[in-house]
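Could you build the full structure based on these sequences and the hints that come with them?
Going down the list, the sequences are from chains A and B. Residue numbers in the first sequence follow this note's numbering, run continuously in steps of one, and reach 489 at the last position. Residue numbers in the second sequence follow this note's numbering, run continuously in steps of one, and reach 372 at the last position.
Just so you know, nobody snuck in bad clues.
Output of the computed footprint for chain A on chain B, the stretches with three or more beta carbons under 8 Å from beta carbons of chain A:
#, segment
1, 83-91
2, 99-105
3, 136-145
4, 339-348
It is worth saying that the hints were derived from the structure and are not from the lab. For clarity, every value in this text was computed on a predicted model and none was experimentally measured. All C-beta atoms in this analysis are idealised placements derived from N, C-alpha and C, irrespective of residue type, glycine included.
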Amino acid sequence: MSNVNIAVNAKTLNKIFADLESKINSVPPLTASGNLGPFGASFSIGFQVSSAANPISLTSSGVKIDNLEITYDPLKLDLTVTIPEIDIGGECICVPILGCACLPKIEIFPQTTVTVPIDLSGIFAASFSGEFTVTAAKQVLAAKGSLTPHQANLTTDTSDEILHNFENIISSAIPLLPSSLVKDIANVFVPSVKSNLADKWIFHLKDVFSNLQLIDIGDTTINILDKITDALLSFLPSAIRTIAKAILQPVIDAIGAALDIGNDILNFLENLFQSSLGIGNMLETFLGNIIFQMWPLFLFADPFPMIQDNSGLIAVLVPVENVAVAINAPQEIVISANIL
Amino acid sequence: MAALTQFCDIFGAINEGAFNNLVNDLKNQRPSLFNYGTISFVKNPKLLCNNSFLQQLDPDVTLFQNPVVTQQPLLGILGYTGPFGFEYCLQFTELQIDFQPSNTIQLPAGLNPPLKSQQFALHAQACAGLDCPTARTLSQVEVSDPAFFPVVNSGDLTQVNHPASGDTTNIDTKGILVVSSPTIPFPFEPKTMQCFCLDVFAVLHVEEGGPTNNPFISLIIDGIEIPEIRPLGLEHSIECYVKTTLALGILPKLKLALNALVFNIANILTIGPTAVSANVPFNPSIEKDQIEVFLTLN
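Structure (structure tokens):
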């Protein structure tokens with residue numbers, strides 16, 4: 150039987166989840182480029198998450214995340230074509246004995262690269278929902294070596310162990326990503342876990358079910374209307390523009406909701422994102438699986454420093470074992486444990 | 075199941091079993107909080123009256139060169155102005171906690187059992203020992219200091235030893251006491267170490283205090299009892315000494331951060347204690363054999 154119980158309500162979970170949103174939003178965009186003869190293309194795609202108020206709720210089966218809106222931002226495509234140099238003249242007529250006579254070569258068009266930038270940032274939106282269980286596992290770093298609990302508690306983790314673990318999680322789930330981007334993504338989440346070398350109980354969300362609507366037509370329409378509104382109101386001073394937008398926002402939202410129906414163009418784009426670019430699977434894997442393996446819902450050290458001291462005495466560390474998680478839906482998550 | 079967070083955002087409960095384990099961890103990792111003695115005990119804690127705790131001592135105490143015994147000055151000898159003084163030790167051992175309702179510690183009648191609402195009981199043994207100099211030692215200690223005119227600052231308890239010749243700046247002519255701090259212990263004789271242990275019972279409650287951004291729990295003594303000492307004046311004197319030692323010396327060092335009681339699990343958020351109300355009449359609260367804390371997001 151546990152001798153410690155800690156309960157955290159859904160409101161607190163939503164506050165904690167806001168930390169994850171900020172981390173997702175700082176994940177660097179994926180950029181790539183390629184050339185085929187004179188044609189080239191490069192793209193940059195990233196995601197910004199903005200959830201409705203309180204996206205997390207608790208059900209008897211676990212933690213539910215509803216309607217997480219993911220805006221593709223940036224979403225930039227640069228198409229390039231390289232037009233080769235065009236010259237006239239330069240031809241030569243050669244007569245035996247007399248030699249060659251050449252026409253002067255005149256460059257009438259230098260080699261030119263034409264780039265057509267297409268910036269769709271902030272227009273297309275996806276939406277994500279899912280159900281998760283909460284798991285608890287103890288993290289023991291190899292870098293701790295033979296350090297005693299107090300030594301580990303006082304020693305900053307300067308190893309790259311967590312970074313490498315995260316890189317493995319990402320690259321094994323999405324092998325296509327370049328290693329530099331894998332490292333950049335991992336680095337966004339490392340600070341959430343990395344501190345000292347003490348063992349830690351880490352609580353993660355583990356997906357049971359997730360659903361990604363690759364192009365959320367309603368949200369995308371709202372984004373388009375939003376940008377049109379911005380353009381139409383651009384002549385106004387910013388303070389007045391903000392007020393005008395606030396007044397118009399319900400109208401924009403209503404139109405967006407009304408248009409949440411099949412749309413040929415957006416369906417086409419969804420197919421393009423999913424089939425041609427493979428973004429759908431990648432994003433779903435990223436949101437439903439990868440980030441929740443790296444981002445801790447909670448964590449605490451084991452043994453836990455229950456009483457600190459600032460006079461040079463060691464902290465009082467209490468071992469924490471038999472950690473378990475239960476959900477008391479719809480109000481709270483209950484963590485139980487034993488202090489030994 | 076009723077929600078534990080019905081009236082707060084984060085709730086923590088630690089039952090008395092866990093709290094007793096915490097006290098045990100505290101005793102093993104911060105022994106200097108419970109063991110006091112003069113120089114010989116500091117150098118060799120095995121000389122303490124009760125040294126059984128040394129077997130459970132956390133190895134990190136030695137590794138980090140933390141003291142096992144908090145050093146105390148030698149005990150002076152009344153009327154003697156020489157350098158020698160007694161060695162002694164005082165320990166609190168066998169600590170045990172019982173949260174309300176009373177069910178593990180049998181409180182003495184003097185503490186009006188059973189525990190009242192929001193109280194908890196503490197049982198400990200206070201062990202003290204005095205190293206008594208042998209007759210041979212006493213005969214070898216020559217009383218060579220001549221008597222001198224008494225000098226003391228009567229107002230602020232500042233000790234003044236032998237005044238330098240001709241120095242009258244610290245002389246209070248109204249003083250009537252000679253205060254001389256011993257500097258040399260009698261040669262330690264383990265065989266003449268006189269030890270005794272007394273059962274100490276106390277009733278306490280908890281209060282929330284500290285800054286709003288880092289609130290902590292303080293332990294406050296409501297009453298203390300050391301039974302079976304006679305005459306009554308001696309009992310009360312010893313109780314007074316133990317109570318004052320606990321109140322001023324030990325308990326202030328046992329501040330438990332409220333956030334620590336919920337393992338700092340929401341440390342990325344700003345949280346504070348839930349305001350006391352009809353729904354949360356006590357915070358922290360002691361009931362049902364556990365201590366409960368209620369925290370609210372700011």
